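Quick note, the sequences are listed as chains F and V, same order.
The first sequence runs 0 to 210 under numbering that gives the first Met the number 0.
The second sequence runs 0 to 394 under numbering that gives the first Met the number 0.
Honestly, the hints are just simulated from the structure, not real lab data.
Among the hints, a few may not be true.
[Claimed, not checked] Okay, derived cross-link-like pairs now, BS3-like style, lysine-lysine, Cα gap no bigger than 27 Å in a straight line:
| id | chain 1 | residue 1 | chain 2 | residue 2 |
| --- | --- | --- | --- | --- |
| 1 | V | Lys3 | F | Lys77 |
| 2 | F | Lys44 | F | Lys90 |
| 3 | V | Lys228 | F | Lys7 |
| 4 | V | Lys382 | F | Lys7 |
| 5 | F | Lys132 | F | Lys202 |
The model shown is predicted, which means the values in this text are computed figures rather than measured ones.
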Amino acid sequence: MTFPYNDKVLEHFRHPRNVGKIENPDGNAMEGSPACGDMVGVQIKVDPDTKQITDIKFESYGCASNIATGSIITELAKGKTIEEAKKINWKEASDALGGLPPIKAHCSVLAVEGLRSAIQNYEERHGLVKDQKPTTVEIVRRRLKKVMNPLSGLDLVRTELVKDIRVDKGTVQVTVDIPPGHQFAPNIKDEIMEKIEPLWDVKKVEVEFLE
Amino acid sequence: MIEKNVYLDNAAATRMDERVLEAMTPYFFETYPVATSDFGYSLGIEAREALEYARDEIAHYIGASGEEFIFTSGSTESSNLAVKGVALALGEKKGRHIIVSAIDDFPVIHSAGSRALEKQGFSVTYLDVDHEGLVNLDRLRDSITDKTILVSIQHANQEIGTIQDIETIGRICSKKGVLFHTDATHTFTRVPLDFKKVKVDLITVSPHTIHGPKGIGGLFIRKETPITKWMDGGFQEFNLRAGLENIPGASGFAKAVELVTPEENERIKVMRDHLIDRVSAEVPDTTLNGHRSKRTPQNANITFHFVEGESITLHLDIRGFSVSTGSACFSRSLEASHVILGVGGDHERAHGSIRFSFGRYNTMEEVDRVVDTIAEVVGELRKISPLAHNKEAQK
């Protein structure tokens, strides 16, 4: 039989390692959206003294290479310090799997981004961000690109739902162009808070909806 | 460990029937010359007679005459000839407006669209379909103008199997004096079509979906239909399509048509219904894509929510089942199915959609096995899916 992937990829696809969620994770990230076709969630537990990743779990809504890459990065990252784990890139993950089809790079790179975002999330939540740039409208906008518009499956920025962003003395104000009574309004608000609150100099996040 | 592969992708291509091969073989080894004129040598005359016999058999099947059917290399070419050939014939004389359905197959959409006719200055109306895949007939009526030269709406959809009301569409077009082409690749012999009753001018057909050969197809062209040849060369096929005739293919095509019976279509439909019934009863969070009853007998298309189609097809492949999906990850273009999006589905619905298409060689036992297997596979994939977990959390 001729399968589209090598044996190692198939093995991780069929029996993914470290699947699921961690209770009270130290770092947490979700990358991708259904419209992009793939989503990966990564959660980590970090030893506060050694900064080693003591536990890591992932979830995947995606194709075989997405699942296999999610599995392999959890194996690669476990036991490493967060500084070491940050350096894991797509090439390393792909090599560890014995090679992935290049056309599938975008599905598998998500898992690597998920790991990095989970580490970043950990650092932000624990005041470990080194070069602390002040939060700007641009930084907020970039983060909002990771908040999904459930109506289309694409992000809020791309679907032009973000009408206004203001940053003033630690307060971030985001205006979203859907009515406050909309069925997805509470979800969107939660997701925005989750993405913006961890920024080191942000004290307050306000989300406004347009009538 | 793996038993015989269970093939459920008959909408894409089918296993050829041995009897079709038998019908083709003499034209490779005995009557192999080109079809000559009446004044050629005897083997060539015999080849021509075989070609005309095959033509008549296929044409008569839907009540057309032999002069109203030409052979092509397949449905892609047939639809290209229908759309572009009418545009060439009427673009200058009558107008440059064409109407197609938004979920038609790519040969029609891309012939009309921005890569071809639109680029040449034609305007194209893409008719939306409702959530079951049916074209709105009032919208069709309203879209036809005095510049419209062709309406091209498929008989049934390649992915979701929805059958359009081509009888009414034909009446609307004929009343307004507009030509009507339908792509019947997925219905020919499986769904009845009467050329005398339905006012359709051009019909694309192919035997690759009914256990016939690949590399041959056909186009019905009603008498007096204005169409301009664009495959230039010799005078074959009533001077509408140049090229050496594929006589083995034509003979195989005719045999494939002969072998389809109403009993077989009913048997296939029973298997299809059994699959749909079992999946909807046993697998939670699924959506049937397409129309429940206006549907080709061989098609089932189901979205398994919260999971991605390529993961399902690969898991099934490992276990010996061949199916296809509308997921972007599965396609060469990495684009999600325009059909599932066209019926109002979102990307998530396209990504988790699986098409099962049945044929002569499938059995009820295979249907039960594929349902058991997909229930297990989808369950496994949902265990690792964040979307499934979100849903759990919302409960």
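Against the structure, the hints come out as follows:
no.	hint	in the structure
1	V/Lys3 with F/Lys77	41 Å, violated
2	F/Lys44 with F/Lys90	24 Å, holds
3	V/Lys228 with F/Lys7	53 Å, violated
4	V/Lys382 with F/Lys7	21 Å, holds
5	F/Lys132 with F/Lys202	15 Å, holds
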